[in-house]
Structures are given as structure tokens and as C-alpha cells.
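Asker: Now for the letters of each chain:
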Amino acid sequence: MKLGMSLYSFGADIHAGRMDVYDAIRCCAEMGCDGVEIIGEQHIPGWPNPSLDDLKRIRELVASLSMEIFCFSCYFGKNIRSDRPQTQEEMIHNAKKMIAVTACLGAKIMRPAFNADPVDILVDYVNAVLPALEEYGVIWGVELHAPHPPAYYLKALETVNSPWFRLVPDFSCWQGPNAPGQIQTNELSTLEPLLPYAVHCHGKAHMFDENGEEPNTPYKEIFTRLKDYGFEGSVAGEFEGWLMNGEPSTKTTRILFNLLEKYGR
Amino acid sequence: MSTEMPKINRNQSDRGKQGIFVFSRVAQRDLFACDAIEAADGEWRLCIRNPWYTGTYLSAVSFIRLTINGRRVPEEDTFLSLRGQRIPAAYAKNLHELWWGMGEAAEIFLTDQALADVLTQKNQINVDIDMRTTFSYGFPNDTLPYRLTGELEVKS
Numbered sequence: 000m001k002l003g004m005s006l007y008s009f010g011a012d013i014h015a016g017r018m019d020v021y022d023a024i025r026c027c028a029e030m031g032c033d034g035v036e037i038i039g040e041q042h043i044p045g046w047p048n049p050s051l052d053d054l055k056r057i058r059e060l061v062a063s064l065s066m067e068i069f070c071f072s073c074y075f076g077k078n079i080r081s082d083r084p085q086t087q088e089e090m091i092h093n094a095k096k097m098i099a100v101t102a103c104l105g106a107k108i109m110r111p112a113f114n115a116d117p118v119d120i121l122v123d124y125v126n127a128v129l130p131a132l133e134e135y136g137v138i139w140g141v142e143l144h145a146p147h148p149p150a151y152y153l154k155a156l157e158t159v160n161s162p163w164f165r166l167v168p169d170f171s172c173w174q175g176p177n178a179p180g181q182i183q184t185n186e187l188s189t190l191e192p193l194l195p196y197a198v199h200c201h202g203k204a205h206m207f208d209e210n211g212e213e214p215n216t217p218y219k220e221i222f223t224r225l226k227d228y229g230f231e232g233s234v235a236g237e238f239e240g241w242l243m244n245g246e247p248s249t250k251t252t253r254i255l256f257n258l259l260e261k262y263g264r
Numbered sequence: 000m001s002t003e004m005p006k007i008n009r010n011q012s013d014r015g016k017q018g019i020f021v022f023s024r025v026a027q028r029d030l031f032a033c034d035a036i037e038a039a040d041g042e043w044r045l046c047i048r049n050p051w052y053t054g055t056y057l058s059a060v061s062f063i064r065l066t067i068n069g070r071r072v073p074e075e076d077t078f079l080s081l082r083g084q085r086i087p088a089a090y091a092k093n094l095h096e097l098w099w100g101m102g103e104a105a106e107i108f109l110t111d112q113a114l115a116d117v118l119t120q121k122n123q124i125n126v127d128i129d130m131r132t133t134f135s136y137g138f139p140n141d142t143l144p145y146r147l148t149g150e151l152e153v154k155s
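Top line first, the protein sequences correspond to chains A and B.
Under numbering that gives the first Met the number 0, residues 0 to 264 are what the first sequence spells out, in order.
Under numbering that gives the first Met the number 0, residues 0 to 155 are what the second sequence spells out, in order.
Source of the hints: derived by calculation from the structure; they are not laboratory data.
Please note that a few of the clues may not be correct.
Stated by the list, open to error - BS3-like, lysine-lysine: derived pairs with alpha carbons at most 25 angstroms apart: (1) A/Lys-1 x A/Lys-261; (2) A/Lys-77 x B/Lys-16; (3) A/Lys-250 x A/Lys-261; (4) A/Lys-77 x B/Lys-92; (5) A/Lys-96 x A/Lys-77; (6) B/Lys-92 x B/Lys-16.
Stated by the list, open to error - Footprint (simulated), chain B over chain A, 3 or more residues, beta carbon under 8 angstroms: (7) 65–78; (8) 238–252.
All of these numbers come straight from a predicted model, not from anything done at the bench.
Even glycine gets a Cβ: it sits at the ideal position worked out from N, Cα and C.
Turn these sequences into a full structure, and let the hints steer you where they fit.
Answerer: Here it is, written out as C-alpha cells:
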């Protein structure tokens, strides 16, 4: 499996204006990452209408550092306007645009954050853009994330039943009950039926102990299951502790990448 | 704002409360992108960063109010400028075409003439921003109520 870092992890420095996407990419290369994950709303200059030149520059920088863009992430918000929600046509238009951006970046996986309940809303949305996903060769990686339980995603994956709709498990799904944002603790056994669908993972971390372990997250056990299954996708570290404290990103991402390498190599 | 993070989430509502606490931390930490209030031509200027953890459509800002040394600056005297485009703060919620980048500094212009009698060398500033989320994070009314504070000097 390939190991890398989501540039989300550099949020403390990017939000404060001390670092940009190019700095973060170079940091990842220096750490020895195989690849990176990039978030449109956080990292792409000129968002939400990036220039092809900027996308090309990012893609070429990543390639020049012998890395790949594992995944391009974005947000499919419905409440963009204050006067009305987005129409289904607008949502589909935006999804197709993001699929094209993913392809421009040279990424094979697009992870849109999209919160829909009941799950049929998600299924209808994905089905509407399946032809575009296939045309561009982009996989919609739905992120397994709170507040929905694993069963929600399993239903979506089985219903759509397409190689262009796959899963991005976020380790937070199996965090302990006191991890920030967690509602319920899911048994690790719930990972097993999801593994055939997994193409990319988020190695979520909120904090580290003195040994560099994430105290709320069973990294060793999750990686053991990924290895035993023969997972050939990628895992991007996703340090979220930057929201709570502003420690230098270069320090926290190094600790997290060491943790990924400890159990994932 | 409570100074202690709720530790246990029982449901989406608790998750929302915890989220408000967590997201407010980074907003508070990075609030000001300038080290002073600048006075010029009968108005005052300061810079604040987008408090949200990503960039967002300006239309997500459903309310913004600054209070300086206890003086609430009237809405009609509050203007926001992104990349040189200056707009009345009350119009922000209508402008889904304008993007406020992650951590991007917005200039805030205040034309409230009463501030001349309120401002001192050091000034207590409250920045209240209600930010609508573009999908549900569990916040009441899908809105994150930022209640941020800081202190700035005045420069002429």
C-alpha cells in the first residue's frame, strides 16, 4: 500500500497564511511520502474557478517530487446560496466540474464531502454522474465518516454497484468515544465487509502520546486488517488536531507519517 | 463561548456543540491579519481572516458585527472588502459568487463616526460572525456562531 499525507494536515499554517499548497507538497516529499491528497476549498489557488495553469503547476510539482496525487477532495454543499438550496441540476453540474478538475490534476480518486440522509439521495446523485466518472476515469470515493455508520455506506456501495463508486474509510470511524467529533464507537469487525470497496483511506489523528501513537485510534489493528486483506490502495494521514492547537505542521505531520510508516510499511 | 470542550458526544446535537468549540479555536487563533486599526479619511480599517476551516462562499456569512470597547458598530457602517471589492456587510449573504479563501484576510471598513469618541490606545474588539455551513455539521440552523475577541491598537 502507498502512504502519504493529506494537505489538510497542514491547516494550522495554511489557515494562518504561513504556508501555501506548494510549501505543503514539498514538505510531504521531504518526509518521504508516496503521494498527497489535496482539497480544492483549502489548497487550490483561485478556487472555485481554478485556472488550468494552476492545476498543471500543482500536478507537475507533485510529479517532479516523485509523488502522486492519491485523491482530490472537495465539498458538495447544498446551501451555497442564502435564498434557496442548490437544485439537482446545479449539484450535478458542480460534480461534473469537480470530476474534470480531478482528471486535470491527474488524480484517480475524487472524495466529495456530501452529507445526505436518507442514503437514497446519495445513490441518486452518484448514479446521475456515473457516465462522467467513467468518461474521465475518476472514482468517486465516498468517505466513511461520522455521523453515518458503516452500514450506511455499505448500502450505498451495494446499490450503486459500480467500479467508479468506491470507499474512502476514515480511521475516525473506529476511534474511541472521546475522540472529537465521534458519536459512536464502531467495532473493528465492521471494516471487514468494506475492504473490497476501499480504494483510499484517511489516517485520521487528533493528538499523539509521548510514543507518537494516536491514543483514540487503533492504528495497529486497522493496518493489520488492511495488510491481511492485501489492500493495494493509499493511506493519507489526516491530522485534524490543528483546529484545536496551532503546533507547527511540520512537526505534527512528521509524527503522523512516522505512525503510518510504523504500521503500514 | 464555553472554555471547556464537551468531552462526550451522545448524538448529533452534542457533536454540533463540540464542533462549535473546536472550529472556534482556529478562528480565534488566527482572527486578525493586521496588528492595528488604521484610521484614515474618516473611517477605520482592520483585517480579519476567514474563520472557517476551508474557504467558503461569502454568502455563508449570514451576519457579521463588530463591537469596539462596547460600542456596537451599526450594520450600515460596516463594510467588507475581498481582493479590493468593497461591499456593505449586510450584502455578504447575497454574494455566492464571491469566494473567501481559507484564512484569507478580508478588510473591514467601519464608517461609524461615533468610534472617534470610543477608540483608545488599546481597544477591545468583539467579532461576531454567523456562518452558515453548506451542508450539515450538526450546528443549530446549520450555522456556526463565531464569537471572537481580540485587542488592537489604533494607528493613524
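Asker: Would you mind confirming whether the straight-line C-alpha gap from A/Lys-1 to A/Lys-261 stays at or under 25 angstroms?
Answerer: 13 angstroms, holds
Asker: Keeping to a limit of 25 angstroms between CA atoms, is the pair of A/Lys-96 and A/Lys-77 held or broken?
Answerer: It holds: about 15 angstroms lies between the C-alpha atoms, which stays within 25 angstroms.
Asker: Is the hinted pair A/Lys-77 and B/Lys-16 satisfied, with a Cα-Cα distance of at most 25 angstroms?
Answerer: 22 angstroms, holds
Asker: Quick one, are A/Lys-250 and A/Lys-261 close enough, alpha carbons at most 25 angstroms?
Answerer: 17 angstroms, holds
Asker: Take a quick look at whether B/Lys-92 and B/Lys-16 sit within 25 angstroms of each other, Cα to Cα.
Answerer: 24 angstroms, holds
Asker: Three residues or more, CB to CB closer than 8 angstroms: is that satisfied between the region 238–252 of chain A and chain B?
Answerer: holds (count 5)
Asker: With a Cβ-Cβ cutoff of 8 angstroms, does the region 65–78 of chain A contain at least three residues near chain B?
Answerer: n = 5 at 8 angstroms, threshold three: holds.
Asker: Is the hinted pair A/Lys-77 and B/Lys-92 satisfied, with a Cα-Cα distance of at most 25 angstroms?
Answerer: 15 angstroms, holds
Going through the hint list in order, the structure satisfies each hint without exception.
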